[in-house]
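Work out the full structure, taking the sequences as your base and the hints as a guide.
One letter stands for each residue in the lines below.
2 protein chains.
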Amino acid sequence: MGDGLYIGLDLGGTNIKAGVLNGAGKSLAKVSVPTGRGPDAVIANMIAAARQSVHSAGITLDAIDAVGIDSPGPLSTEKGVVIRSANLPGWENIPLRDRISAALGKPAILENDARAAAYGEFFAGAGKALKVRNMMMITLGTGVGGGIILDGRLIRGHTDMAGELGHAVVVPDGALCGCGQKGCLEMYTAASRVGQRAAQALHDPSVTSSLREPLAQFGELSARDVEDHARRGDELALDIWNQTCRYLAIACISAVHWLDPQMIVFGGGMAAAGEFLLQPVRRHFEENYWKMDPPAIVIRGAELGNDAGVTGAAALACAMMHAR
Amino acid sequence: MGDGLYIGLDLGGTNIKAGVLNGAGKSLAKVSVPTGRGPDAVIANMIAAARQSVHSAGITLDAIDAVGIDSPGPLSTEKGVVIRSANLPGWENIPLRDRISAALGKPAILENDARAAAYGEFFAGAGKALKVRNMMMITLGTGVGGGIILDGRLIRGHTDMAGELGHAVVVPDGALCGCGQKGCLEMYTAASRVGQRAAQALHDPSVTSSLREPLAQFGELSARDVEDHARRGDELALDIWNQTCRYLAIACISAVHWLDPQMIVFGGGMAAAGEFLLQPVRRHFEENYWKMDPPAIVIRGAELGNDAGVTGAAALACAMMHAR
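Those protein sequences? They're chains A and B, same order as listed. The opening position of the first sequence corresponds to residue 1 in the numbering used here, with each subsequent residue numbered one higher. The opening position of the second sequence corresponds to residue 1 in the numbering used here, with each subsequent residue numbered one higher.
One thing to keep in mind: the hints can contain errors.
Any copy, or any two copies together, can satisfy a pair, since identical chains are not distinguished.
In silico DSSO-like links for lysine-lysine, alpha-carbon gap of 27 angstroms or less [unchecked claim]: (1) K182 to K291; (2) K79 to K291; (3) K106 to K79; (4) K26 to K106; (5) K128 to K79; (6) K131 to K79; (7) K26 to K128; (8) K182 to K79; (9) K291 to K26.
If you are wondering where the hints come from, they were derived from the structure by calculation, not from laboratory data.
If you want it as structure tokens, here you go:
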């Protein structure tokens, strides 16, 4: 992408991650500190973490070209302002970009966390080897989010809301989502819902399943429980896991017809299942995809794990400097 | 967008349309000639139509900066080659762009017809007044197609297949589409299917509907029949029309969460219904959209009609010259 050194700052509800990366996406240093509470304290912690990462890299701030920041949203990338955040109490219209930019004396850019992570995978993770220019990332966590890169550019949309992949409707009149819609992708594929769907199926006393044991023990089931029991051959767990992969495949089919990406990357906690998730998604994709031409899409797992945000934020800072 | 004069050439199965437009999308002249058969004859007709449009505009070829061509696909925009076409017998790997470029002595660009029409609406039609930068067009004809413009750029995808909006899956395990998929948007919203769905409903002898009359007379029903009888209050026709609008709204909701466009434009034959189509689509959108924030999307009808392709092709030629 280019020369130079960039700071990536990833603001999470629990931790702030900071890192120094070069223009090829290589990490020179990374640090993690607790987030803290309230905008002023959190911003001070972010600035301290940034300085710490620079120190860890064995350089000074002089060597840094720009800073990329990602944060939960909604936010305005144009204004560099976090509008509010469910995970950050007290944040309302905080000019995060300019405050960090002023403190560090560097140009800065603000991005939504899910989109920054997608850009990180595009720039230095799953998308790097194939030199992908068109990519979509689907992040399977408590919710389902993601980001879309087309022609090498991160898609933000008219109101900075692009990438809310979990709220695409996959089942008209389907399960009621917390957002008020029915049949959101998130309701069928988010990690939190996979366990819930298994627990619900066990309300039927005639269903036999080894999942009854963890349900009795913990009072609830996680996606990890479903994965573990599916791996051991439990029929209910396999069925729920398989349905999940099928809905993901159907969402991918729609994405391919709309946007024709070269690669779809799965990230987030549930994607740690690796090929146990990806193989059935690929199989359902092939079974359900049109017969006009064979599927050419590459479906693979994310590679950067929790570093995707820092990497993507730094990469966006690099892209900003090279677009000038 | 810029200065200069551009030829737009729109290759259809029946007619070739040619026009001269300036860099603001204003038409100086347009002509239409029969397509003819076989690549050589058709290309000769296209070149003749281009020259004729220049003559009609009262200028000479010297005044033209570049030529934009759109054609049914699949095609390669990078190579300027039409790979094949269901509507153009005998076309296989035809270097349409370079043949026209050489004959007219001008730089040329080749684009898919549905995407060119979307770009035309973006540049000089429905998208112009609001200076839209993010827009999607859905074309309701025999099939359902369209195009997506993000950040002012037409989205082509990795293999030039972006914009096949009709084959997004809206009903998992839904009606079997000719493409081999189940539940394609096209099966529920294409003009050809709207009439068919009404005719199917009339297989039930207990259903009362004024549509029985045209069905008996013509042996089939068109989307126009359904629209006409719905306007007159026929219950079945209203129901089918309403369902159609609802599926369109659900597809729009998914589009908004993925791409966050400012505007969705409906074109194609069925969009001639105007507000009778758009109002229920907007209503279903509002009813089914999440409650996290109010819908901000603008849903409107196409403005350029059959000139969208010529306009879009010329606009893409203009964009090509200004990107150099």
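For this structure, which hints from the list above don't hold up? 8 and 9
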